[in-house]
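Visitor: Whole structure, please, built from the sequences with the hints as guidance.
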Amino acid sequence: MSVAQTVHAAAVSDHPDRELHLYKEMLKIRETELQLARAYRDGHVMGACHTYVGQEAVAVGVCAHLQVEDAVFSTHRGHGHALAKGVAATEVAAELFGRATGCSGGRGGSMHLFSPEVGMMGTTGIVGPNILQAVGAGYAFQLNGEDRVAVAFFGDGAVNNGAFHEGLNLASIWDLPVVFVCENNLYATEVPFAYAAGNPEVAMRAEGYGCPGRAVDGNNVMEVDTVAEEAVARARRGDGPTLLECKTYRTRAHAEGMPEVGYRTQEEVDSWRARDPIALLRSHLVGTGRVAADEISAWEDKARTEALAAIEFAKASPWPDPRTVFDFVDSSDSAEAARRS
Amino acid sequence: MSVAQTVHAAAVSDHPDRELHLYKEMLKIRETELQLARAYRDGHVMGACHTYVGQEAVAVGVCAHLQVEDAVFSTHRGHGHALAKGVAATEVAAELFGRATGCSGGRGGSMHLFSPEVGMMGTTGIVGPNILQAVGAGYAFQLNGEDRVAVAFFGDGAVNNGAFHEGLNLASIWDLPVVFVCENNLYATEVPFAYAAGNPEVAMRAEGYGCPGRAVDGNNVMEVDTVAEEAVARARRGDGPTLLECKTYRTRAHAEGMPEVGYRTQEEVDSWRARDPIALLRSHLVGTGRVAADEISAWEDKARTEALAAIEFAKASPWPDPRTVFDFVDSSDSAEAARRS
Amino acid sequence: MSAASQTLTFTEAAREGLAEEMERDASVFVVGEGIGERGGNFNTTLGLFDRFGPSRIRDTPITERGFVGMCTGAAMAGARPVVDFMFLDFILDAFGELVNQVAKIQYMSSGRLRMPMVLRGCIGVGGSAATHHSGNYYPFFLHQPGFKVVVPSTPRDAKGLLKTAIRSDDPVLFLEHKLLLATRGEVPSEPYLEPLGRARVRRTGRHATVVAVGVMTPKALAAADSLAGSGHDIEVIDLVSIAPLDTATILESVAKTGRLLIADEDYQPCGVGAEISARVCTDGFDLLDAPVARLNGAYVPIPYSPSLEQAVVPSQDAVVQALRDLLAE
Amino acid sequence: MSAASQTLTFTEAAREGLAEEMERDASVFVVGEGIGERGGNFNTTLGLFDRFGPSRIRDTPITERGFVGMCTGAAMAGARPVVDFMFLDFILDAFGELVNQVAKIQYMSSGRLRMPMVLRGCIGVGGSAATHHSGNYYPFFLHQPGFKVVVPSTPRDAKGLLKTAIRSDDPVLFLEHKLLLATRGEVPSEPYLEPLGRARVRRTGRHATVVAVGVMTPKALAAADSLAGSGHDIEVIDLVSIAPLDTATILESVAKTGRLLIADEDYQPCGVGAEISARVCTDGFDLLDAPVARLNGAYVPIPYSPSLEQAVVPSQDAVVQALRDLLAE
Ligand SMILES: Cc1ncc(C[n+]2csc(CCOP(=O)(O)OP(=O)(O)O)c2C)c(N)n1
Ligand SMILES: Cc1ncc(C[n+]2csc(CCOP(=O)(O)OP(=O)(O)O)c2C)c(N)n1
Ligand SMILES: [Mg+2]
Ligand SMILES: [Mg+2]
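Chains as they are written, first to last, in the numbering used here: chain A, 1 to 341; chain B, 1001 to 1341; chain C, 2001 to 2329; chain D, 3001 to 3329.
No lab work stands behind these hints, which were simulated from the structure alone. Don't take each hint at face value.
Coverage of chain C stretches by chain D, computed from C-beta distances (three or more under 8 Å per stretch; other residues unrestricted) [to be verified]: (1) 2095-2108; (2) 2143-2152; (3) 2274-2282; (4) 2297-2304.
Pairwise CB distance ranges (calculated) [as the list claims (entries may be wrong)]: (5) B:Pro1200 <-> A:Val68: 37 to 47 Å; (6) D:Asp3317 <-> B:Gly1262: 39 to 49 Å; (7) A:Glu267 <-> D:Tyr3299: 58 to 68 Å; (8) D:Asp3317 <-> C:Arg2184: 50 to 60 Å; (9) B:Leu1308 <-> D:Asp3317: 51 to 61 Å; (10) C:Arg2206 <-> D:Thr3282: 14 to 24 Å; (11) D:Ala3026 <-> A:Glu117: 23 to 33 Å; (12) B:Glu1201 <-> D:Asp3050: 31 to 41 Å; (13) A:Gln67 <-> D:Asp3050: 29 to 39 Å; (14) D:Asp3283 <-> B:Glu1069: 58 to 68 Å; (15) C:Gly2047 <-> B:Asp1239: 47 to 57 Å; (16) B:Arg1264 <-> D:Ala3026: 46 to 56 Å; (17) D:Asp3283 <-> C:Ala2248: 22 to 32 Å; (18) D:Gly3127 <-> B:Thr1265: 29 to 39 Å.
Covered, in the sense of this in silico footprint (three residues per stretch, anywhere, with C-beta under 8 Å from a C-beta of chain B), are these stretches of chain D [stated by the list, open to error]: (19) 3059-3069; (20) 3128-3141.
Just so we're clear, the structure is a prediction, and the values are computed from it rather than from any experiment. Just so you know, even glycine gets a beta-carbon here, dropped at the ideal spot from N, CA and C.
Guide: Listed below in structure tokens is the structure:
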């Protein structure tokens, strides 16, 4: 892939530590997710739990270009975006455990992660709304003359939805500072995108809205990194939105505990596992001699230890007090109380 | 326009009386609309009244290919579609007068014309739903193995709406027998399509849904006739939907009684008036010597007389009985009563 | 299990009803996400894809507005769509189609068009499904004229009502509480239908009436049992039909007991209990020995954590307490 | 006209309030169709495009879901959007965004995100606007927690409430009955605010209370005047706030009169009157000398023809008759 190679070279020369950073970020997500999946199996995580395993390169490659002030709006499969945007693994884990120390105080769970302090503006259990909300944050940034950027992550499943159509058009006609990141993992639950979409090329949809679209290998973090850099810079400059299609794959079930019934072949899963984004970068780093294999193993150990610590933190955290259940339905609960809570 | 010319020749050879028929149909719509506009001014037509003046070639060119069994779903600007689909002018006029003899029994008014007996399945005051309903009728026809076709007429204003996106995609992935007819008259009320749409080419949107799209001169009825013929035939064959973009113009205000405040120039209006679809075909018919000018004048007189008769019929018709106001909220009112009413 | 009946879960019974109607009438088709080969997130169509094929058991893209609008047109053209929302929460994206189109087309066309459409989906709080997968929403569809709404609580009603809903020429919402899906019960082996629009007296009593909505029915029955020990004789009505409301059955009961509690997991303001209370307070004012009481879910978005989720739903104990308070009035 | 006041129409007063808040706070912006140079279908923004420019008075494509979702994000990011729906009916296409997002984000974020959004639009039956341009819908937004809703009936309230709504950190629906837009009335010349959440006693009386919603207020006042001749002394409460409901003001009045009629053009089932009735029948049971009465619009889709349209709205005569019946109980 020529685009990826160009990128890669550029990234290395511009940011000598960039690959290492991206690698560690992906590891953090992977290890946290694996622990959360285990916790789900053990009954600590309730409700639905959609892991990000296999797609780490997308969140990491995009969020590498974001500041705390930039805003991310994500989906039901949002753990990776939250972690990449800077929400602590402890807070994500505690949220899935339903604890008061979770990023949403235990009110949200897996599909409702809020951490506006670090620009994680929320994840949604309904497919679509986050696309529109990112457009709106972009609107507010433009109105205020700020050079902040809003990013919407969403799946291929959202592409056929009216929210995609209306959101991309609005951002485009007003040149809003938004990056639309479609994680095309080929399926919405088990419905193939190739069945659900009359035209399965997502990036080319951008033309219909008059904004640029780019398709990239979403398992190659450096490729994502490069197109995201361009897209974020374009938005920050005030030149308007970009649609990125990151072709990727989730290697676990749609949600934890769901059987993998026949909608995809073992060969397909295996072929994508062979292109695991973390393994890809690892072999590049080791292959080019940039990092020694045992250094990487040490990072892995560290990531695993931190993920386990997050789980322990969650487990040890208190449940929300049922008496708080009526708080914050509206703004009559003071901002001070909000900070306390 | 080469497409138009090809078409024209074909149409003439295939259907010797076709142009005359289309001309008379357009005249019927024009004269009826002008009388309705006058009736609005005189207070006989209430609510909002959106005339079709200037756009007649679209309804007429498309409906020429439809059978009674085919289904049309239209918009707030639906008088022309109703008339072209075979609803009597008397019934349309009486409906706008709010009379019991109207096609919707006086319940609907200008934006709610129902005449399922002739395949006029309704018009909607909300922008968008009719696109989806046409898809659904197509679904039913396909399910039943019938070779009926469903047509949605809609404005450029609907193109940015999620209903367009979802509807076109659904029809395309299931190869439904639907023809989507966008009447791009450049404005939604007074908001220009060029402002509202990131990409103002409607026909090319079809590519995003994997179905064919065709842009045509919507003021040239023979050109509309040809592309509609193709599109309807494709649908009837079971090959799926087509998106037609008919570039046209409304030469009256968005709705009767609305001032024409500055959103379009007099030159623009005049340039389109100069391309009036009826005048265009008239000069072709007279110019090629196919019809004598005074024969056409006789048709015009007849059309005007019929339009006036429709108004007289409406005026003389009874108001709906207020005691019927509770009827037909649900199906407990029998089908027999439905026919009676 | 008697010879003429079988024990089925709520979901199995409803699925059997759907399959029977699909056999009976080739114009019935189902749309939804994951309802094809997978058989539905809640097994609503398990095995039916193989029997009826893709044009009648139709997997859709994530386009709730789109496929509701599509089904509107299909119904207008004579087909009988069943929309399977999985979680009813997703219906909200199609609300404009429902209120402005589905509810009105029979009226606008003076009955020349019919609207045979079933809208089914899982409702209710439970299992930490969290705030986007726990809604009830049924009062919206009673407020707006043009809909019928049922919330069955037994397998027998699930099957019989779904069959009637599919045969109805009106739009019918068929709402399945997530916590009732595994409920087992007797279902006749012979074909049968259950009527729309009727409440069921599940337990007779003399001292007070509980009208329970859906998932509150088993809780109300258990509460009534537990109060029987202390000599209180409670009548329990399973409301079943939200639209139309079966006011007659409720008034008849109140005429006997003089006391009424409406138990509903859904929010109180402008809810079903408000309407029942208002009707009884008007038409049954003289029958009442005490003010009508309402017991509802907490008036907050539904939270995720079990400690909070439990705090928003009315428990069996809460029903007992509400009845004690009512009896003491 | 006193020195400290001016006579304005409802629309002029609301527009003045909007302009004042836009001057005061640069984060306030308005979106809608035709609200730019044209100034809005109902003149809601007439002249404001020239003053505030296109980024603050923003014409949109026909994408109600899109721009409501967009404004949700803008509010989360600190701006203060005002969504001008023109006809409120169009809000239904954005219902999912409202119920699942706008209403819940403060709660889900424990107040770390606020939702300062105004949703305004014209409601109500009149002028043969027909079935897609005549809805009321407000009970939906009382049923779902998280919204505030006002239905002003006077220019003074229109201005004062719109200003307060814009300053509020909560989503507020500001609903304008089409038939009230031209109502003229005194409006203070000095800056002022009116509080959300409060009903107004517009006329005091001893024999019965009418709670009127929006457009029913002038009808109720006229009905009360006409009954004064026959010695009946009617108290008229203009409800103004649908969410929250000002139950205290109503109970205080019923304590005095013992009789309550709720007059509302909107549908009866699960409507605002149902909730008021249920609350009064519970909290004010002993205050009532007669069953609570409700007078509502006919429970049918809104028809077009004047002969039918008139038949669906409660007239002043119907209020008089309902009061006579209530007084006779
Ligand atoms: C409006 C809506 N409809 C249906 C669902 C149920 N649902 C949850 S996730 C999902 C599939 C989403 O697919 P995609 O957007 O591709 O994301 P992925 O799970 O593949 O990451 C569906 C249908 C939903 N959450 N929201
Ligand atoms: C959902 C919705 N939003 C807004 C309106 C108000 N409205 C009526 S017609 C119209 C413009 C429609 O433009 P277009 O679709 O181009 O049709 P045209 O009037 O040009 O024929 C608008 C905004 C509506 N009817 N429905
Ligand atoms: Mg996917
Ligand atoms: Mg237009």
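Visitor: Hint numbers the structure violates, sorted upward?
Guide: 9, 15 and 16
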